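Each protein sequence line maps, in turn, to chains D and X. Heads up: take any position in the first sequence, counting from 1, add 13, and you land on the working numbering. Heads up: take any position in the second sequence, counting from 1, add 2, and you land on the working numbering.
Because the hints were derived from the structure by calculation, they are not lab data. Errors might be hidden in some of the hints.
Just some of the chain X residues that point at chain D, by a computed CB distance under 10 Å [to be verified]: (1) 104; (2) 106; (3) 111; (4) 115; (5) 300; (6) 328.
Here are the computed lysine to aspartate or glutamate pairs in the DMTMM-like style, where the Cα-Cα straight-line distance is at most 25 Å [to be verified]: (7) D:47 to X:116; (8) X:28 to X:116; (9) D:67 to X:90; (10) X:99 to D:71; (11) D:20 to D:75; (12) D:20 to X:332; (13) X:94 to X:116; (14) X:19 to D:50.
Please read all numbers here as calculations on a predicted model, not as lab measurements. Even for Gly, the Cβ is constructed at its ideal location relative to N, Cα and C.
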Amino acid sequence: MSTTSQKHRDFVGEPMGDKSVMALSGIGGILGKKLEEQGFDKAYVVLGQFLLLKKDTEMFTDWLKDVSGANSRQAGSCAQCLKEWCDAFL
Amino acid sequence: MPMFVEDPANFSKSRLKSDLVAHNVKLPPAKSKKEVYVELHMQHIDQKKTVEFSSDEEVEEDEEDDMEGEDGENPGDAEMPDPSALTDDDLKAALLKHGVKAGPIVASTRFLYEKKLRKLLQSDGHHGQLNGAKNGMMYSDSEEEEEEENGEDNDAESSAEEENKETVEESDQADEESSQVQAGSQSVAANVYSSSSSSSSSSSQTFSITEMLKEMEGRRSLSTSANSERAFNGGNVQHHWSQSNRLDMPSVVNRTMKNQSLYYTPKAFPQEREMQEPVKDDFKHLFPAEITPSGIYATRRRPIKGAAGRPIQYMYPDTPVSPMTLQRRDVERRLVPVHIQILVFVTVTCLLYLIYVCVEDNTFSPIVSLLDNLNPGSNSGEALLHKTEAQDTPALSEWE
Numbered sequence: 014m015s016t017t018s019q020k021h022r023d024f025v026g027e028p029m030g031d032k033s034v035m036a037l038s039g040i041g042g043i044l045g046k047k048l049e050e051q052g053f054d055k056a057y058v059v060l061g062q063f064l065l066l067k068k069d070t071e072m073f074t075d076w077l078k079d080v081s082g083a084n085s086r087q088a089g090s091c092a093q094c095l096k097e098w099c100d101a102f103l
Numbered sequence: 003m004p005m006f007v008e009d010p011a012n013f014s015k016s017r018l019k020s021d022l023v024a025h026n027v028k029l030p031p032a033k034s035k036k037e038v039y040v041e042l043h044m045q046h047i048d049q050k051k052t053v054e055f056s057s058d059e060e061v062e063e064d065e066e067d068d069m070e071g072e073d074g075e076n077p078g079d080a081e082m083p084d085p086s087a088l089t090d091d092d093l094k095a096a097l098l099k100h101g102v103k104a105g106p107i108v109a110s111t112r113f114l115y116e117k118k119l120r121k122l123l124q125s126d127g128h129h130g131q132l133n134g135a136k137n138g139m140m141y142s143d144s145e146e147e148e149e150e151e152n153g154e155d156n157d158a159e160s161s162a163e164e165e166n167k168e169t170v171e172e173s174d175q176a177d178e179e180s181s182q183v184q185a186g187s188q189s190v191a192a193n194v195y196s197s198s199s200s201s202s203s204s205s206s207q208t209f210s211i212t213e214m215l216k217e218m219e220g221r222r223s224l225s226t227s228a229n230s231e232r233a234f235n236g237g238n239v240q241h242h243w244s245q246s247n248r249l250d251m252p253s254v255v256n257r258t259m260k261n262q263s264l265y266y267t268p269k270a271f272p273q274e275r276e277m278q279e280p281v282k283d284d285f286k287h288l289f290p291a292e293i294t295p296s297g298i299y300a301t302r303r304r305p306i307k308g309a310a311g312r313p314i315q316y317m318y319p320d321t322p323v324s325p326m327t328l329q330r331r332d333v334e335r336r337l338v339p340v341h342i343q344i345l346v347f348v349t350v351t352c353l354l355y356l357i358y359v360c361v362e363d364n365t366f367s368p369i370v371s372l373l374d375n376l377n378p379g380s381n382s383g384e385a386l387l388h389k390t391e392a393q394d395t396p397a398l399s400e401w402e
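With the rest of the complex left out, here is chain D (with noise of 0.2 Å):
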């Protein structure tokens, strides 16, 4: 079943702790520093974010793309992995 990514994988994994938004699957270098700039710096943001959205993937995909530049491919891939932590550990 599974089309996700090693990066996937390790996120959902386990606690997100203090990991960097880096470690987010969808999101490199470059979208990683556009969201450190609007003041993301830690993926436990992201995720506030995303639980402020009530966790609808489609809302925080939109978000994320308009935020940070993101395509729709990484946005989604993002927004995915949250949902499967936040299934997971919340």
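Here the structure of chain D is known, so what remains is to put chain X in place on it, guided by the hints.
This is chain X only, laid out in the frame that chain D set:
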């Protein structure tokens, strides 16, 4: 006369901030007083509001009654022309009106919810134009509604025909047999159902969604029996469904719909909307990514695989990951080379010893004597050892 204007001074500071951000106004330094925000707010945003209202009054005379009606009523009732001009609560109420339960509207989420409301308004506008305008529905006679109903009938029938040839016959029969009202509701149900699944029979005659679902599930075997079931009306079906265990939610919806159709001639348009929304809910978890009239795309919710019983491990059978196994793997990586390290160490020491021996005495004899030492025969070995030692010491003395 604008009825919307609220005094910005009554707003909270965070509300003023979010408003300014929404209107792309540069924020004053973080620790400014509220008055600064209020001033900016009044400058930029209130100007906008007055412009909007004056243009409304000037341009649209025909709909003056409607517009005044909208302004006079509470903000929750009519469509909001500009989502950015709404307060947080109004925005939330407007979204709720369209069936979207919004989360907290904060600075970071406000823009998204405004965008969503705009999308909903646009799709409403399209929908309204197609079906004769929501405002028209609210303020017009029943004659218009009947016309709309007929129009919907035709649309529904034509779409049903396009998608499924089998339903054509049955839908025709349904129209002949039942009243106009029932035909409207059934064809609407048919339209909704056929748009969502490709299954054959079922849809037309019944206005019970649960029946359609059941038929879909037992499609292959029960098709004939399902046809016979469809002939029954009212109480029979209801009784049947009260007994059934599956899908409680649709059955409740089904009953409410039935009651409406049986007890009074419903106004087709609101009924259609009501029916569509519960239908949407039913099919949401069954069919992925359905194209819905309101434009809200909902992906099928993935089953929860949380720590409570179905741990993440089973999702990824190829790599069972847990922190402990990761640590163990790291340790093991270090353990394995240890054997190799020991072997290497032993060989290197032997080599070094041999080299040392060679260096001590350039002749080949010490190596030969060493090799002889390995042979069984301790006496000879000892004698040879003494000999080598004796040889070594003069060698050492020579070196010095």
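So, going through the hints one by one against the coordinates:
| no. | hint | verdict |
| --- | --- | --- |
| 1 | 104 | holds (8 Å) |
| 2 | 106 | holds (6 Å) |
| 3 | 111 | holds (6 Å) |
| 4 | 115 | holds (8 Å) |
| 5 | 300 | holds (8 Å) |
| 6 | 328 | holds (9 Å) |
| 7 | D:47 to X:116 | holds (24 Å) |
| 8 | X:28 to X:116 | holds (19 Å) |
| 9 | D:67 to X:90 | holds (17 Å) |
| 10 | X:99 to D:71 | holds (20 Å) |
| 11 | D:20 to D:75 | holds (22 Å) |
| 12 | D:20 to X:332 | holds (18 Å) |
| 13 | X:94 to X:116 | holds (10 Å) |
| 14 | X:19 to D:50 | holds (20 Å) |
Consistency note: the structure conflicts with none of the earlier hints.
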